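Number of protein chains: 4
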Amino acid sequence: MANGRRGASAAELEARLTSDARHVVKAVVVVHNETSTGVTSRLSELRRVMNRLRHPALLIVDAISSLGSIDYRMDEWEVDVTVCGSQKGLMVPPGLGFNAVSEKALAANRNAKLPRSYWDWQDMLENNQRGFFPYTPATNLLFGLREALKVMKEEGLENIFRRHIRHGQATRAAVRAWGLEIVCEEPLEYSHSMTAVFTPEGHDADRLRKIILQNFDMSLGAGLGKLAGRAFRVGHLGSFNDLMLAGTLSGVEMGLRLAGIPHKEGGVMAALDSLTPAAKVIEPAKVAR
Amino acid sequence: MANGRRGASAAELEARLTSDARHVVKAVVVVHNETSTGVTSRLSELRRVMNRLRHPALLIVDAISSLGSIDYRMDEWEVDVTVCGSQKGLMVPPGLGFNAVSEKALAANRNAKLPRSYWDWQDMLENNQRGFFPYTPATNLLFGLREALKVMKEEGLENIFRRHIRHGQATRAAVRAWGLEIVCEEPLEYSHSMTAVFTPEGHDADRLRKIILQNFDMSLGAGLGKLAGRAFRVGHLGSFNDLMLAGTLSGVEMGLRLAGIPHKEGGVMAALDSLTPAAKVIEPAKVAR
Amino acid sequence: MANGRRGASAAELEARLTSDARHVVKAVVVVHNETSTGVTSRLSELRRVMNRLRHPALLIVDAISSLGSIDYRMDEWEVDVTVCGSQKGLMVPPGLGFNAVSEKALAANRNAKLPRSYWDWQDMLENNQRGFFPYTPATNLLFGLREALKVMKEEGLENIFRRHIRHGQATRAAVRAWGLEIVCEEPLEYSHSMTAVFTPEGHDADRLRKIILQNFDMSLGAGLGKLAGRAFRVGHLGSFNDLMLAGTLSGVEMGLRLAGIPHKEGGVMAALDSLTPAAKVIEPAKVAR
Amino acid sequence: MANGRRGASAAELEARLTSDARHVVKAVVVVHNETSTGVTSRLSELRRVMNRLRHPALLIVDAISSLGSIDYRMDEWEVDVTVCGSQKGLMVPPGLGFNAVSEKALAANRNAKLPRSYWDWQDMLENNQRGFFPYTPATNLLFGLREALKVMKEEGLENIFRRHIRHGQATRAAVRAWGLEIVCEEPLEYSHSMTAVFTPEGHDADRLRKIILQNFDMSLGAGLGKLAGRAFRVGHLGSFNDLMLAGTLSGVEMGLRLAGIPHKEGGVMAALDSLTPAAKVIEPAKVAR
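Chains as they are written, first to last, in our numbering: chain A, 193 to 481; chain B, 193 to 481; chain C, 193 to 481; chain D, 193 to 481.
Just chain A, with the same shape it has in the complex (with noise of 0.2 Å):
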């Protein structure tokens, strides 16, 4: 339900349940946060529509790209299933897919008459609960998620969230600087873990892209689908910090210069001036070493 530059519209979603008096559809499906457009939708008032108009329709959630880098609710937000990886937040290499499943969901899957295999969790529900696996686990990516969730922890949620709510507030700050438009319309729904952003009309962001791999061999993310070609992606999500961002801003701004794109210098001073009166001074006699 998301047009591009904004989230899942709640107003939208109203109207179309509303005329779903006899309840046809089974299942709200919305990704939390929109890997291509940088939007992140804002679930809260959906489920609120979906209560009001107490619609029994699931909630899925796709929060692949948010969970571990943005706050996410899924008992206050009534969510019913939460589909995600582990090549985002929880910085594992890829391979692994979680599903969080409410007592609804249970229900519904244990009534459906769809032939399913792979969609059916009942099996490893079972075999979860002796500590197995009905089939062969990924065995090092979970020790690799082990050791993440471990580092997480560390830091505390609370800081991830925040360390990500800088990270985006700074590239914000740079793509502003640099006279660029960000792809998210919607201020609430900026993504903390990326951002997208319009090469001006006319200027190929693929080509941009190129350069500043092969000049900084550093990879930004291509826009995709009706974004192609027209916008470049910036991620700021895991394992990520202010001097990894300044890096990544840098090679921003010098392929801008070297593409010939039009912009205005100083993106990466702007992003500077955004962390550093954010970053409360930790004085040296305060840190046990």
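Worth flagging that the hints you see were computed from the coordinates, not collected in a lab. Each hint can be trusted.
Calculated pairs, DSSO-like style, for lysine-lysine (alpha carbon to alpha carbon, straight line, at most 30 Å):
no., chain 1, residue 1, chain 2, residue 2
1, C, K296, A, K305
2, B, K305, D, K218
3, A, K342, D, K342
4, B, K342, C, K342
5, D, K345, A, K342
6, A, K418, A, K218
From a predicted model like this one, the values you see are computed outputs, not experimental measurements.
Since the structure of chain A is already known, use the hints to place chains B, C and D on it.
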């Protein structure tokens, strides 16, 4: 013979060797690139002095922080012993030491009367000829060295040296933009692999280093000896690229702000300016992927 | 169609397909090498039955524990779908699954009416042509696979199959010397990649497995299903050599002693006897190092 | 002072020191465990001689292949300097050397007049007190050492020593069963970490080693010095367990066959016999998992 902010002095060497008519001096020992100050001695001039005076002393050079980063010509400069390690420009973990030895030094070693074992190369040379070592070698590091040399061949020594020169220039551009003082006084002796920078009078360089470490997880080198507390050091050598340098200098600039050290803003931008014109744009079309 | 101690029966298949004049049966699904019993089904005979009866069912084969260990001929046996994983003979950590699909199976897939996503190959095929995946692939495991295939080419498929045959023979020689019973009843169907062995009546196979695990840090496979507690399994596949097999069988033999399970001594020696005559001596002189 | 097949002789030491009334001898230097012969010198007896004669020489011990594998008591035996490396019982890649130094040796070092740098401990001691090294340490290996020491604490030094004793016994049981001769003549001096074995007269040990390497991918130690071509060496130390030993000895036994070296069969079985009675069965019930 280095006086801190300059490299080994050819004039001073000339004076010393001229007064050594009886050839009591057996070796001239020089550090090629002084890590504590960021000063690179001009070895060719020292050798010229020795040759002009026909002084038979050995020329022994510590090339630990220059080899693989800064042009070094053992044959051309008639160096007798080069001492090097694995952990700088060779990009291998610390643990390996190397000696490159001239015929003249080998002869001196054979004739030397000082009891010694560690410095006796004969055992090593004999074993090496048969593919062995006189004792258990650090095999893992040797595998690492083999891979590192492969990586270096792929980039090309000339390109590696040029990259270090660019990074040294960009770093000094940043330092000048900040209005800070470079420790090395002699432009002909600027080190391409690291830059030492004075903090202004009354501003503790170690406090700055700690603030940067704690806020940005970046560990700068300390001022050593007379420079303790008065200077910090920025390394830019080995497995290092433009964006890592940009991130590094961003950390310094934000650290200067957080530490309240008087400076002008914009060092990072000056570095980007220095890097980008020099970067010959590699156009996408030219790249085979 | 496997009855536990034997592979899929060609006679039984013939009976089933003969009675299926209306071609209700859409696929014959067989496990090539049954991990729970150590039985390898003779696929060529099954295919022969299907061809003789001109039955149009697809032949679908699970080659998970045979591919890369036991000779497998998808084209010759006209297999329509081969299902495989990374974690057995391919020696890569678990996490990758593979499908090899015939034109006939692709056509069936295109015409199938069952709603499906996971089993729809079209998306993957289209993306693969351009060097992409329809979703984030498990990149690390793909790098591992590339290296594993390189290793396998170096050894040579023929040699790999021969090595597995030798290890199966040596393992069975040990089992017979101990006086224990091999689960697989049909010598033509002995698995080359793993051997399941009955413990004598009244002797718990799981207790034996635990004693071996705790005394020798070796984890044998458990008997599965009807074999639970009655059999243990010895894997001899993948990155495995003669001395690892000898160590494995030594662990079993010492475990039998410690568990007080009646057996004859000398299984390990029988295995060495089996291995050594087969080993063509590679004379030092012939080896280039 | 070792005569090849026996350890350092207390009698010989007594004779030498008795004739040294003027204390010209400054140090008694002994290898604790001689890797080339598999002989462990009885240090307590040597110390007893020195004490009885009140000879002030330092006792310097090379514990490279014993430390962490064989009981070693620096304090009890009043050793003045222990020299050790990382690559044997400590299970770390080669590259680290250690010195443990008594007060007496430190005093001698301070008073020594021989010009030296490598053997001067003062610089290291001063730096270590502040958590530093006088030069760049082999950090990666130090991390490895930290982990290795953790692993060793988990197993327990006593258990580690017992494991090495069991493996030495089992190896010698195999050698005797083959009818071959152990290099070490004195049972009180058998090494627990490695065993050197003579091949019969006229049978080249190096040819045997090559056949084993080429057929079984196992590299045995060569006979060194006088033992060259006459003996091979089996290491059983460090990260090593019963099944690795069984695999190792299986490789030797099959190698003896392939090389046509006269021997009796059954060495491996003798080793299993030696290992199994000693193995106190750990019953499954007792194990917490």
